[in-house]
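Residues per chain are reported as follows:
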Amino acid sequence: MHPACCLLHTAYRVARYPFFAAIVLAGVLLGAQAPAPPSSSAELPPPAATSTVQTIVIDPGHGGDDTGVKAADGVLEKQLTLDIAKRIKTLVESRLGIRVVLTREDDRALPADERAIIANNSRADLFLSLHFNAAPSPAASGAQVYYQHLDREGEAALQATQTAGVRMTAPSGETRSVAFVRWDLAQIRHVDRSAALAGVLVDVLGGAQVPMDTPPLQQAPLRGLASVNMPAVLMELAYLTNPAQAKAATSTEFQDAVAHAVHDGVLRFRGQAATAQ
Amino acid sequence: MTDRRLVWIIAGGLAALAIAALVLAQLLIRPRNAAPAVETASAAPGAAPLAHIRATVFYTAPGGSRLSRAIREIALAETADAQGSEVVNAALQTPRAPLLPAVPAGTTLRGFYIGDDGDAFVDLGGDGLKTAGGGTTAESLAVYAIVNTVTANLPAVKRVQILIDGTEVDTLAGHLDLRRPLSPNMALVQ
Chain W
0 MHPACCLLHT AYRVARYPFF AAIVLAGVLL GAQAPAPPSS SAELPPPAAT
50 STVQTIVIDP GHGGDDTGVK AADGVLEKQL TLDIAKRIKT LVESRLGIRV
100 VLTREDDRAL PADERAIIAN NSRADLFLSL HFNAAPSPAA SGAQVYYQHL
150 DREGEAALQA TQTAGVRMTA PSGETRSVAF VRWDLAQIRH VDRSAALAGV
200 LVDVLGGAQV PMDTPPLQQA PLRGLASVNM PAVLMELAYL TNPAQAKAAT
250 STEFQDAVAH AVHDGVLRFR GQAATAQ
Chain H
0 MTDRRLVWII AGGLAALAIA ALVLAQLLIR PRNAAPAVET ASAAPGAAPL
50 AHIRATVFYT APGGSRLSRA IREIALAETA DAQGSEVVNA ALQTPRAPLL
100 PAVPAGTTLR GFYIGDDGDA FVDLGGDGLK TAGGGTTAES LAVYAIVNTV
150 TANLPAVKRV QILIDGTEVD TLAGHLDLRR PLSPNMALVQ
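Which chain is which? The protein sequence lines are W and H, in order. Going by numbering that gives the first Met the number 0, the final residue of the first sequence carries number 276, and the count climbs one at a time with no gaps. Going by numbering that gives the first Met the number 0, the final residue of the second sequence carries number 189, and the count climbs one at a time with no gaps.
If you're looking for bench data, these hints aren't it; they were derived computationally from the structure. Be a bit skeptical, because a hint or two may be false.
Said to hold, decoys possible - Not everything, but these chain H residues come out facing chain W in the computed CB check (under 8 Å):
| hint | residue |
| --- | --- |
| 1 | Thr59 |
| 2 | Pro61 |
| 3 | Gly62 |
| 4 | Ala96 |
| 5 | Leu99 |
| 6 | Ala101 |
| 7 | Thr136 |
| 8 | Ala155 |
| 9 | Gly165 |
| 10 | Asp169 |
| 11 | Thr170 |
To be verified - Simulated restraints, written as ranges between beta carbons of each label pair:
| hint | chain 1 | residue 1 | chain 2 | residue 2 | range |
| --- | --- | --- | --- | --- | --- |
| 12 | W | Ala155 | H | Arg68 | 25 to 35 Å |
| 13 | W | Gly270 | H | Glu167 | 14 to 24 Å |
| 14 | W | Gln218 | H | Lys157 | 16 to 26 Å |
| 15 | H | Ala50 | W | Leu149 | 20 to 30 Å |
| 16 | W | Asp105 | H | Ile70 | 45 to 55 Å |
| 17 | H | Glu167 | W | Asp72 | 33 to 43 Å |
| 18 | H | Ala186 | W | Gly270 | 37 to 47 Å |
| 19 | W | Leu95 | H | Val168 | 17 to 27 Å |
| 20 | W | Pro214 | H | Pro154 | 23 to 33 Å |
| 21 | W | Gly205 | H | Tyr112 | 41 to 51 Å |
| 22 | H | Ile70 | W | Arg267 | 42 to 52 Å |
| 23 | H | Thr55 | W | Glu173 | 52 to 62 Å |
| 24 | W | Asp65 | H | Tyr112 | 28 to 38 Å |
Unchecked claim - Now the stretches of chain W that chain H is said to cover, found in silico as 3 or more residues with beta-carbon under 8 Å:
| hint | stretch |
| --- | --- |
| 25 | 119–130 |
| 26 | 138–146 |
| 27 | 215–221 |
| 28 | 224–236 |
Ideal Cβ positions, reconstructed from N, Cα and C, are used throughout, including at glycine.
Take these sequences, add in the hints, and give me the full structure.
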């Protein structure tokens, strides 16, 4: 695509998505001392696998008027996700010294884009969205961990970010190759690491005796992850349509098990990233 | 043996033969009228007999977290759009046990059409979707029951976009991204 077309396309997306917030994710200075000719295509590196996880975002699903799943005994998904998010924050901050940002700290409605903005503006390293599940049958049981599914459009956009940058001149005179990533496809550059994070969390949840669904690792085109610019997963921790699971989900034992599993998962993921470097 | 007794014996034998013939006739005719694995979509009373086709329709499997295929007889329509409406309506109906509905009860089909690029648009309405509880699994089952059913029966359609009350929506209940057309998800099928 011609750079001008790319910019126009981006401008169109800016107009279409009101929350389009500065999605210049990969402005990379390429050969500052010897700039590549403008006609050459500049390949952008993949997102760096940071060995230090300094900030994580925990996203308690739903809130306010959006109650999420309501169990037969009246337990609400929005309350459970907030309770567990606070437990995770306390545990991870105190034991690992990692900053934990909650997308909401009380009972308020929060659109998906605002959750993504909080995460992206926090310059966080990981994003974990907490949810509880529902199914047409009370027999459904167990936790699932989802990462983002790339559709045809996502695959094409990913390829475009890897091969096509727009060369721009900074006020200092430096020439930069800048890749524009659409707001609604920001997650695409992180899907591989999101899959790795999801796999780690499946392991640690199972290890913490949290009952798991079959299969526990899932992929779906998730609205809440689409615009998150970091490795991101959505965890469905139990089925509130299963009376036994709904009862267990309110217990201290279950909520502590989830919090410890997330703590262990962050630790293991950080170790994997360091090894990969 | 008296003549009268002989007449009774012959009459009884004839009656037994008649009953046996009737039972045999029932057994021979039945397989053509009732295939046990196929459900027939109900036709309007008094309507003229229609040509039918066998459609693959997806419902929730008994375990509650996966989809399962069923074969249903639906009316053969004259256009692809009309055929699409038939298959989506079949997916919205309650299946025979042990299968479970995937789309919330009370959901209705407002329209179905196929765009120039081959993507199908399914416009849903009704109170069922508004009262759906949510959960990624429940939402995935509802969405992919429709997407998989449409693409399984209309080979020219590769992707399906779901609209609610005629407009594009973000999600059904906060999870699955419905802003773009979706491809079928066979990983969800057991």
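These are the hints, each one checked on the structure:
The criterion of a C-beta within 8 Å of any C-beta in chain W is met by Thr59 of chain H, whose closest approach is roughly 5 Å, and the hint holds. The beta carbon of Pro61 of chain H is positioned within 8 Å of a beta carbon in chain W (closest approach about 7 Å), and the interface hint is therefore held. The beta carbon of Gly62 of chain H comes within 6 Å of a beta carbon in chain W, closer than 8 Å, and the hint placing it at the interface holds. For Ala96 of chain H, the interface hint is violated, since its Cβ never comes within 8 Å of a Cβ in chain W; the closest pair sits about 11 Å apart.
Annotation: interface hint on Leu99 of chain H holds; nearest CB of chain W at approximately 5 Å, less than 8 Å. Taken as an interface hint, Ala101 of chain H checks out: its beta carbon lies about 7 Å from the nearest beta carbon of chain W, inside 8 Å. A distance limit of 8 Å between C-beta atoms decides the matter here; for Thr136 of chain H the minimum to chain W is near 5 Å, and the interface restraint holds. Checking Ala155 of chain H against chain W: minimum C-beta separation of about 16 Å lies over 8 Å; hint violated.
Using the Cβ-Cβ criterion of 8 Å, the hint placing Gly165 of chain H at the interface with chain W is not satisfied: the shortest such distance is roughly 19 Å. Interface hint at Asp169 of chain H: satisfied, since its Cβ lies 6 Å from the closest Cβ of chain W, which is below the 8 Å cut-off. About 5 Å separates the beta-carbon of Thr170 of chain H from the nearest beta-carbon of chain W, less than 8 Å, and the hint is met. For the hinted restraint 25 to 35 Å between Ala155 of chain W and Arg68 of chain H, the CB-CB distance of approximately 31 Å keeps it satisfied.
The hinted range of 14 to 24 Å is not satisfied by Gly270 of chain W and Glu167 of chain H, whose Cβ atoms lie roughly 42 Å apart. For the hinted restraint 16 to 26 Å between Gln218 of chain W and Lys157 of chain H, the CB-CB distance of approximately 19 Å keeps it satisfied. In this structure the hint that Ala50 of chain H and Leu149 of chain W lie 20 to 30 Å apart at CB is violated, the actual value being about 41 Å. Range check, Asp105 of chain W to Ile70 of chain H: about 51 Å between beta-carbon atoms, so the 45 to 55 Å window is met.
For the pair Glu167 of chain H and Asp72 of chain W, the beta carbons lie near 36 Å from each other, so the given range of 33 to 43 Å is met. Between Ala186 of chain H and Gly270 of chain W the beta carbon distance is about 30 Å. The supplied range of 37 to 47 Å is therefore violated. Against the hinted window of 17 to 27 Å, the Cβ-Cβ separation of Leu95 of chain W and Val168 of chain H comes to about 39 Å, which falls outside the hint. Checking the proposed 23 to 33 Å range against Pro214 of chain W and Pro154 of chain H shows it holds: the Cβ atoms sit about 28 Å from each other.
At roughly 45 Å, the beta carbons of Gly205 of chain W and Tyr112 of chain H sit within the given window of 41 to 51 Å. Look at Ile70 of chain H against Arg267 of chain W: about 46 Å separates their beta carbons, and that is inside 42 to 52 Å. Look at Thr55 of chain H against Glu173 of chain W: about 58 Å separates their beta carbons, and that is inside 52 to 62 Å. Checked against the hint of 28 to 38 Å, the C-beta distance between Asp65 of chain W and Tyr112 of chain H comes to roughly 31 Å, which is consistent with it.
By the rule of at least three residues with a Cβ nearer than 8 Å to a Cβ of chain H, the coverage given for the stretch 119–130 of chain W is violated, with 1 such residues. With a threshold of 8 Å between beta carbons, the proposed coverage of the stretch 138–146 of chain W by chain H holds, since 4 of its residues qualify and at least three are required. Taking a C-beta to C-beta cut-off of 8 Å, the stretch 215–221 of chain W contributes 5 residues in contact with chain H, enough for the three needed, and the coverage statement holds. Coverage of the stretch 224–236 of chain W by chain H holds [criterion: at least 3 residues with CB-CB distance below 8 Å; count 3].
In summary, the numbered hints that this structure violates are 4, 8, 9, 13, 15, 18, 19, 25.
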